[in-house]
Amino acid sequence: MNRSIIGQLVLKDWRLNRVLISLTLAIGLVALLVTQFGGLARLIGIVWFFVALCILGSMLPGSVILNERKKQTLAFIMSLPVTSVQYSIAKMLSIWGLFLVPWLTLLISALVLIETRHVVPQGAVPMVLILAMLPLIGFCLISSTTLVGESEGWLVAASIVVNSSYWLGWFLLARIPSLSANWNRPAAVWNSTEIIVLCSELGAIAFIVAVTLFLQSRKRDFI
Amino acid sequence: MTDLAIQLSGVSKKYRYFTLDKIDLELPRGQIMGLIGANGAGKSTTIRILMGLVHQDSGEARVLGHRMPAEQVAAKWDIGFASEDMRLYDSMTLAWHMNFIRSIYSGWDAAHAQLLLKRFGLRADQTIKGLSHGQRVKSALLLVLARKPKLLVLDEPTTGLDPVARHEILRELTDVMADEGRSILFSSHNTQDVEQISDRITFIDRGRIIDSMDKEAYLDRWRRLRLEVPSGIDLPALPGIIGVQQRGRLAVATANAFVPDLANAYERTGARVQHIEHMTLEEIFVANVEHSREEVKA
Amino acid sequence: MLYSFTLSQTDKRPMYLQIMEQIKQRIAVGDWVEGQPIPSIRQLAVDLQVSVITVKRAYYELEREGIIVTHHGKGSRVSATTGLRARLREQELQQHLERATRIAAELGMSPEELEDRLQEAGNQPAKKKGELV
Chain P
532 MNRSIIGQLV LKDWRLNRVL ISLTLAIGLV ALLVTQFGGL ARLIGIVWFF
582 VALCILGSML PGSVILNERK KQTLAFIMSL PVTSVQYSIA KMLSIWGLFL
632 VPWLTLLISA LVLIETRHVV PQGAVPMVLI LAMLPLIGFC LISSTTLVGE
682 SEGWLVAASI VVNSSYWLGW FLLARIPSLS ANWNRPAAVW NSTEIIVLCS
732 ELGAIAFIVA VTLFLQSRKR DFI
Chain E
121 MTDLAIQLSG VSKKYRYFTL DKIDLELPRG QIMGLIGANG AGKSTTIRIL
171 MGLVHQDSGE ARVLGHRMPA EQVAAKWDIG FASEDMRLYD SMTLAWHMNF
221 IRSIYSGWDA AHAQLLLKRF GLRADQTIKG LSHGQRVKSA LLLVLARKPK
271 LLVLDEPTTG LDPVARHEIL RELTDVMADE GRSILFSSHN TQDVEQISDR
321 ITFIDRGRII DSMDKEAYLD RWRRLRLEVP SGIDLPALPG IIGVQQRGRL
371 AVATANAFVP DLANAYERTG ARVQHIEHMT LEEIFVANVE HSREEVKA
Chain L
431 MLYSFTLSQT DKRPMYLQIM EQIKQRIAVG DWVEGQPIPS IRQLAVDLQV
481 SVITVKRAYY ELEREGIIVT HHGKGSRVSA TTGLRARLRE QELQQHLERA
531 TRIAAELGMS PEELEDRLQE AGNQPAKKKG ELV
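Protein chains in written order, with this note's numbering: chain P, 532 to 754; chain E, 121 to 418; chain L, 431 to 563.
Isolated chain P, as found in the complex:
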């Protein structure tokens, strides 16, 4: 019965953030367009897209999560038959939904390009996937911190830390020999290291979500 309330809350968030949704869709589509052009434009397009993704990732928690408190609508929502955990789940689902749209667009278009236009050798696919997971983990961290921390201060701090650490992630990943080794292969090969790394990334997300829900359930002064 309460699953439908979570659904209603998610739909409500999407409805309220229609502008943001349109924006993210636009970003996704533009990215697709830009990558059609070759050479430098393609590179610029991808970098620009990535930056936009980071910015969006920092904006979304503010709009979707913090606004409930700022605009004082939280009491209205919590007077509905939901627990703080269910509320948190709904928030995470709605904010992830909003983020996944551009993210998937980027990923899919990248994969399509690799497949059809051979922008990079297909051996790079595992690496592309692994790298693409980083903004997802980063976003998860930022939005969860905001949800638990309940303030702009936390959002800003998390954004700064996460967004400035991507290079570190790439750097470290690139240093793993069995990952970069396959980059130039013509076909995608999944070796155990790649699988382990990918699973760890998914595991990291699951861990962040679990900790978030745990912390949310422990809050005694929800409003």
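Note that these hints are calculated values from the structure, not bench results. Backbone N, C-alpha and C fix where the C-beta goes; we use that ideal spot for every residue, glycine too. Check before you lean on any hint, since a few could be wrong.
[To be verified] Sample of chain P residues with no beta-carbon within 12 Å of chain E, all distances over it, derived:
#1 I552
#2 L605
#3 L611
#4 G654
#5 L733
[To be verified] Estimated spans, in silico, between C-beta atoms of each pair:
#6 E:Q246 to L:P467: 38 to 46 Å
#7 L:K504 to E:D340: 22 to 30 Å
#8 L:K504 to E:D295: 18 to 26 Å
Following the hints, complete the assembly by docking chains E and L onto the known chain P.
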């Protein structure tokens, strides 16, 4: 088994600058309770605890038979909540809010909602942003009233409203009374509203319940006695009198446990009782708070 | 049917007393006749927009005075005793007289002076007095 809509026993909550101290409160089903207190007295905290929005540090809270906050979801299906610091979504219309609530609760009475729109003078297609304060309050109330919940919990439902809007809201609240299965708890510092429609009154001050009882019995305990005191006569301290103010030959004694014999007791000392008056709830409120604060100091 | 009494918030007397008085007046002027059913406590409370407990108290006191009768499960009605109207009017008169006496005392009038004034008032033309019972 007593049929209590709300039961708080020994509920305490400690904040840095404020403590709610062992709150005991009972609201039988089918009744209206008015919660009165000065700003910062603990009304909102008490209400949040019984809504499960805040967890108490100790003590038990039961609402409609459900333990709070553990069973808050079960309870909230049957509770309609509106508070003065609560807002609706600015960019959405009232109609959107109505549909939102309707999609969650099965008890939504669309006909009643339309009636309320008319009575409150609201237009469903207006965005919340464009509404005046009074209209927003009425909108929030419409959303809870149209669901016909078993329990209404309202934090300052008439605060800041013009007399007409207040009257409209009181009318709706008393209409709820027609169903003896429904109960209302509302907090207010508008003593007139509380005096008019409450069956029970609870006074809260500085985190403590000062009084909680049947309204008529409560009002009946309080009197103002206007006395003429000839010079040379000292008024004795009598049980049931919480304060005497004397200027020259005229004195006013405030009784919080009035019995007719009190007047006789004064007359026996040589003072003359000019007049015995009932007190309005506002006068009682002020006298009560001042008295209890003196007691705490002592 | 809406029972519209006008309850004054500035009237210092408790609301239940006001309700009692207005019910008595209705009976006294003949709007409500002996034996007639009167609204249930809850119904009157809703119509007057006052708490149930206030109306309950009013009805309780009225029953004690023998003005209304409540049968369990059947609601309340005006007492069927004959002469109720007259009795209520008498009560009203008594209240007025007591009040007049009190005010006269405050003004320092003697009982004889009060009597004279009463005679004077009695000699006023009838049209000034409004309805006669």
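Checklist entry - Looking at the structure, which of the earlier hints fail to hold? => result Numbers 2 and 3, in rising order.
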